[in-house]
Amino acid sequence: MRVRKLLLSLVASACVLSPITVTQAAEAEQFFPMLVYRTGPYAAGGSGFFGGIEDYYTLLNLRDGGIGDVKLTYEECETAYNSDRGVECYERLKSKGPTGATVVQPLSTGITYRLIERATADKIPVMSMGYGRTDASDGRVFPWIFPIVTNYWSQNTAKIKYIGMKEGGMDKLKGKKIANLYHESSYGKETIPVLDNQAEKYGFEVKHYPVPHPGLDQKATWLQMARQYKPDWVILRGWGVMNPTALKEAQRVGFPAKKIVGVWWSGAEEDVIPAGKAAVGYVAAGFHPSGADFPVIQEILDKVHGAGKGNISPQRVGTIYYNRGLIAGIITAEAMRTAQKKFGTGKSITGEQMRWGMENLNISAARIKELGAESLMSPVKVSCFDHEGGGAVKFQEWDGKKWNVITDWIPTDQGIVRPMVETSAANYAKEKDIKMRSGKDSYGSDCTVTS
Amino acid sequence: MLYREAGQFKTTYAADQAIFPILQDRWVFWGFLIIAFVVPPLTGSQYVMGPILTQLLVFGLAALGLNLLTGYAGQISLGTGGFMAVGAYACYNFALRVPELPLVVDIMLGGVCAALVGIVFGLPSLRIKGFYLAVATLAAQFFLTWIFDHVGWFTNYDPAGVASAPSRTLLGSWAEEGGPLGFLAPINVLVSGPRATPETKYLVTLAIIVVLALLAKNMVRSSTGRAWMAIRDMDIAAEIIGIWPLRTKLLAFAVSSFYCGVAGALYVFTYVGNADTEAFDLARSFQILFMVIIGGLGSILGSFLGAAFIVLLPVVLNITAATLGEGTLSSDTLSNLELIIFGGAIIFFLIVEPNGFARLWQIGKEKLRLWPFPH
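In order, the protein sequences belong to chains A and B. The numbering of the first sequence is my numbering, which starts it at 1 and goes up by one. The numbering of the second sequence is my numbering, which starts it at 1 and goes up by one.
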């Protein structure tokens, strides 16, 4: 009897609720799928990043009523950084909203790889900001994939430049030994070719040490690396719990933290705080600083968190991952604005229109200032030829309490990266029988400009 | 009342040996099969056919493979992920380097390669048993994924080690427009790659799995299966009654690895579209072992039920939690809720029925035969 009553009331409430959802959908909306991961070994990154994006969308909705009279909506789907779940979430969310998914941000190189062909076939752009498939920077082969800001290989050249700087010049790199401690996944393996290439160019020696997922077991690797190989520098290409573990192991075998250079997925508060004192002096790359002293973040704290609508605990606002998500939000919103300028405001844009917006995105320094994000991010200019948008890298040092930026923007070495990207993309095009875009193409982009 | 076999007499040996001796079972089975082939393509939902059904079928097949080895032949293996990887990469290389081959042949060749590798890693089973064998097969898991990670040839020198399924047709390039068998072109549909329709992918997967499951069912009812079970129950006794352990155990490893290999190949070609060794790591081996344990050791149906539990329940929980908890609970809580309920469900089912879903199904059937009169 009770069960029947419960069922009846459920049905009744569903009937009452459904007309409301219908009327709400009448307003113009833009739907963004969120492939979050708030559980699993990489939850620190996933929750911070998506908290940042969602807070920014919420700010735009509360302050401006969305973008160009279109409200931003999103739905989360938990992937736990698992590629199978990522595909499932993508398929679940891709056709929601009035025009389907606008842009997908998987925040996982593995999931990005899984989605490249799917999204291309579905005409949904993939924005893999600072991760994913490096050779997708060649937009002529990968029209739908945007490794915006800086790809892995570019970042890596900046890292070698930083090491060269510390050694007193790039010529001093000759004969030095660098160990590449990498997460054994598609993410980790991505930089092996570019490191080998640079080793040849600058005359240093590089040895690659894989660490199996999730990276809690590194004792043997560090013993072998620090005691037998004795590298001058260690590049930490870690992710999630692998990072603090690496720093602790380094301390145990007596390898100085200041000789470890992390990639930007190894350089957040969550990566160093668990390592305690072992992390003091550790240096990591980043394409943005941490901290909440930026007008846009203050506005979020005030308007979003002040109204109790924050998507993350306010203590984590301004951490590295949060700021990274915020930048992803800014770039997405600006791309949508760009698309609206061409295709009109007040209505939902499609994935194809969003793709145009991303390919013609140009966020100048003046615009960044206008957005209240000055010195939080570097300018981005995307084109058909270059889906990376040419960012630069800053290095920051952990002092035990916070990250301090210790260098200016270090430009990447496109002289090394670009030819490798083009060769690799051309191989992909050949394998997959893709015709490279050239000239004014059917998407309405100009692929002749090569800078 | 409905489920009563009164009046069904078996007059031939064939009828006596049928897979489903009860008429109602046959109806249900055929009905189910027709629904499986017809309804999902009619709905046209890519979500239902792709991540839900194809994934379920692929992992069900892998669980079936492991079930043949562990449930029927009694050899515990933790190398399932490795054998799936062999099937996946072998199929990838055949498809990439010999485009003339029909994709179905590629997939089967992937299975054959996995079977050969399975025989090699099955050799220790002649000397060691139980948990010790599990550890020996662990070597297969690590060795095989290591090979695919470090030998670039297997992934066609992809910088990230990702094997991306090329677009291949059901009958191979010869049967395409303009080829020597060009007259077959109209039925030569694209099965893999981004341009293949989800319907084709689903139907091809389903067809392969129906055939393989039927084979498996008959195998375990034949002398092969009986020999496996004899070895499982007491290998010394089996040897005394004339079963040759070397042949029987290695055959179990070969057949099991073949199934896992085909599952790996299907995972890459009809489900995800590409794969790296992350997809075939130790966690995958454990996942499949759990499917077998929860589904029921020594049961074909159990393999698929276990796969459904492990693969689909988290998704269902996630969708339910997201729909019901929208706005009331924080996203963090919702994400963790799924893990809590899923973990609870595993414990609950193992306490209620330690022999798995297949046993639960059997009990249900027996109860139904008596229903509504319990005596």
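Calculated directly from the structure, the hints in this document are not laboratory data. Ideal Cβ positions, reconstructed from N, Cα and C, are used throughout, including at glycine. Hints may be right or wrong, so weigh each one.
Said to hold, decoys possible - Some chain A residues near chain B, calculated using beta-carbon distances under 7 angstroms:
(1) Arg38
(2) Glu117
(3) Ala121
(4) Lys123
(5) Ser185
(6) Pro193
(7) Asp196
(8) Asn197
(9) Trp409
As the list claims (entries may be wrong) - To list a few chain A residues with every Cβ distance to chain B over 10 angstroms, as calculated:
(10) Tyr37
(11) Gly65
(12) Val87
(13) Ile116
(14) Gly168
(15) Ala278
(16) Val280
(17) Ser348
(18) Gly390
(19) Lys401
(20) Ile406
A quick look at each hint next to the structure:
Evaluation of the Arg38/A hint against chain B yields a held restraint, the C-beta minimum of about 4 angstroms falling below 7 angstroms. For the restraint placing Glu117/A at the interface with chain B, the shortest Cβ-Cβ distance is roughly 4 angstroms, inside the 7 angstroms limit, so the hint holds. Because the closest C-beta pair between Ala121/A and chain B is about 4 angstroms apart, less than 7 angstroms, the hint holds. Taking 7 angstroms as the C-beta contact cut-off toward chain B, the hint placing Lys123/A at the interface is violated, the least distance being around 11 angstroms.
A hinted interface residue such as Ser185/A counts as satisfied when its beta carbon comes closer than 7 angstroms to some beta carbon of chain B; here the least separation is about 5 angstroms, so the hint holds. At a threshold of 7 angstroms, the smallest CB-CB gap from Pro193/A to chain B is about 5 angstroms, leaving the interface hint in force. Against a cut-off of 7 angstroms between C-beta atoms, the interface hint on Asp196/A is violated, since the closest Cβ of chain B lies about 10 angstroms away. Against a cut-off of 7 angstroms between C-beta atoms, the interface hint on Asn197/A is violated, since the closest Cβ of chain B lies about 11 angstroms away.
Proximity of Trp409/A to chain B is violated relative to the hint, the smallest CB-CB distance being about 26 angstroms (cut-off 7 angstroms). A beta-carbon of chain B comes within 10 angstroms of the beta-carbon of Tyr37/A; the shortest separation is about 8 angstroms. No Cβ of chain B comes within 10 angstroms of the Cβ of Gly65/A; the nearest lies about 20 angstroms off, and the non-interface call holds. Its beta-carbon lying about 6 angstroms from the closest one in chain B, Val87/A breaks the requirement of being farther than 10 angstroms from that chain.
For Ile116/A, the requirement that its beta carbon stay farther than 10 angstroms from each beta carbon of chain B is not met, with the minimum near 8 angstroms. Here Gly168/A stays apart from chain B, with its beta-carbon at least about 31 angstroms from theirs, past the 10 angstroms limit. Here Ala278/A stays apart from chain B, with its beta-carbon at least about 28 angstroms from theirs, past the 10 angstroms limit. With a closest Cβ-Cβ approach of about 30 angstroms to chain B, Val280/A is found to remain outside the 10 angstroms limit, as its non-interface label requires.
Annotated as non-interface, Ser348/A keeps its C-beta farther than 10 angstroms from every C-beta of chain B; the closest such distance is 21 angstroms. Distance to chain B confirms Gly390/A as a non-interface residue, since its nearest Cβ pair spans about 21 angstroms, more than 10 angstroms. Separation of Lys401/A from chain B is adequate, the least Cβ-Cβ distance of about 26 angstroms exceeding the 10 angstroms criterion. The Cβ of Ile406/A lies farther than 10 angstroms from every Cβ of chain B, with a closest approach of about 30 angstroms, so its non-interface assignment holds.
Of the numbered hints stated above, those contradicted by the structure are hints 4, 7, 8, 9, 10, 12, 13, listed in ascending order.
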